[in-house]
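Engineer: Place chain W on chain V using the hints.
Residues per chain are reported as follows:
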Amino acid sequence: MPQAASSEVAAAVADAHRREWAFVLAATVRVAGDIDTAEEAVQDAYASALSTWGPRGIPKKPGAWLTVTARRRALDMRRRAATAQRALPKLLEAEEYRDTEPGRDAEGIADDRLRLIFTCCHPALALDAQVALTLRLLCGLSTADVARAFLLPEATMAARITRAKKKIAAAHIPYRVPAASELVERVDGVLSVVYLVYTTGHTAPSGADLMRRDLAERGLELARMLRVLLPHDRDVAALLALVVLTDARRGARLDEHRELVLMEKQDRSKWDRPAIDEGVALLREALAARPPGRFALMAAIAAVHDESGSWSETDWQEILGLYDLLMDSWPSPVIQLNRAIALGFAAGPAAGLAELDALGTEPQLARYPYLAAARADFLTRLGRLDEARVAFEEALILTDNETERGYLRTRLKELTG
Amino acid sequence: MSKYLVLIFQDEAAKQSDGEDMSAPYQEFQQRRGASLLNGAALQPPSTATSIRRDGVGGFSVTDGPFAESKETLGGYYLIEAGDLDEALEIAKEVPAGIGVEVRPVRMVS
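Which chain is which? The protein sequence lines are V and W, in order.
This note's numbering puts the first residue of the first sequence at 254, with every later residue one more than the last.
This note's numbering puts the first residue of the second sequence at 307, with every later residue one more than the last.
This is chain V alone, in the form it adopts within the complex (with noise of 0.2 angstroms):
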């Protein structure tokens, strides 16, 4: 291998960080038998990458080069604890090395990280420290990196992390791929987490910028690695193609003072095509499946937004019916919301009103911005000004994004105006 430059060999780690960290990861855990083993070998394994990549040259394959360093670093560090012991709660009882370098294509590789996912969101630890794990073991992210993420203090982050892996090695949480009978609800409870990955990045809960988009596209990464992973799951499909259709449309969301642009006012020429078609075609492998899944639901109508030329010529009914399947199957006060929404393009505003009225004393929306900001659409629609301007007040008390109470204002500004 020739020598590299320095910037050549950040660069390389730095890549190798981005792509390869769970599966670097994964494949050490198991020679490590804890997860806080395998991650201090890892990260002796980039360490050791940034100096020896220089007078070496940087590997043919990064990932297989980093995973033989940390599974022998995290043997080595196994037999000194041996030496020194210590009786630690393991996670797993550590196979034996094996001494060849491990390839990408090979099965149980590709296995490692689908154990990695359903260790981290396994359904037994609560679902913020399912994420945390998630965004730590899974891509790679620093504690510090989740913490902001979430908007958090470190400390605080860092406490929930390590009472996660605690829980996981003192209960035995398995790294294992769980049986076929328990599958279908073990990939839901993945899927979920991701997703909540990816809508946190994609409408960030507060802050000053509309979206984060290092934590949306970690959402985006992670639902195609459990798309390469799981490749004949439609669930797994359908979250990706919910994943690509919304994203699609990321690019008007703002205008160029940075203010938050609604779809109807959207230039859809700025939407991505290819994203749309890839979509589209993820969703119609989806729902080959019967019935349609939650996820597969929600893709079909970012679908018809996605595919319509124009606000005018949305298909409100085919998106009503959408919610009416949703409902009937995952019923929630939010799916509701959102019908309730529909059903106001698609019969009007009055109508949409009444239903959105009706939800007001559901105690799961009470500090739910979004529907005194539904309400306060429907109303100025309606012409009832005074109580349009309530409702937007009440919506900015309640938003907490920076971006989405600048639109909120706005609105409010032409209603006083």
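What the hints contain is simulated information worked out from the structure, not anything from laboratory work.
Virtual Cβ for every residue (Gly too), placed ideally from N, Cα, C.
Don't take every hint at face value.
Said to hold, decoys possible - Every beta carbon over 10 angstroms from chain W, so not counted as near; a handful from chain V, in silico:
| no. | residue |
| --- | --- |
| 1 | Gln256 |
| 2 | Arg333 |
| 3 | Leu380 |
| 4 | Ala412 |
| 5 | Val514 |
| 6 | Leu540 |
| 7 | Pro544 |
| 8 | Arg642 |
| 9 | Glu646 |
To be verified - Using 20 angstroms as the maximum straight-line C-alpha spacing, the simulated EDC-like pairs for lysine to aspartate or glutamate come out as follows:
| no. | chain 1 | residue 1 | chain 2 | residue 2 |
| --- | --- | --- | --- | --- |
| 10 | V | Lys420 | W | Glu396 |
| 11 | V | Lys419 | W | Asp390 |
| 12 | V | Lys420 | W | Asp390 |
| 13 | V | Lys420 | W | Glu387 |
| 14 | W | Lys399 | V | Glu435 |
| 15 | V | Lys420 | W | Glu393 |
| 16 | V | Lys314 | V | Glu261 |
Structural biologist: For chain W alone, kept in the frame of chain V given last:
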């Protein structure tokens, strides 16, 4: 293999069976999962409990009733052995308990 304690909770208001016979669902459960059950017991109702708290200065305060007052009370337990949490949860789901169970890994003290 790891050990887990399965704590069986019931509604305080639920009628306690006062006979000495084990109910048929429990007999079936114990037969089916006998290989994983190390130990277990059904408890007398919480009204028969006595709690002892350290008073912090070397003495004790003894009071009538369970340690923590709540609607859900401990009705019994099993000590089980399982390969991992998934297996433990699978066994615990089959416990024919009133309202549910809590599964706690047992700490191994060497």
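Engineer: Going through the earlier hints one by one, which of them does the structure break, listed in rising order?
Structural biologist: The structure breaks none of the hints.
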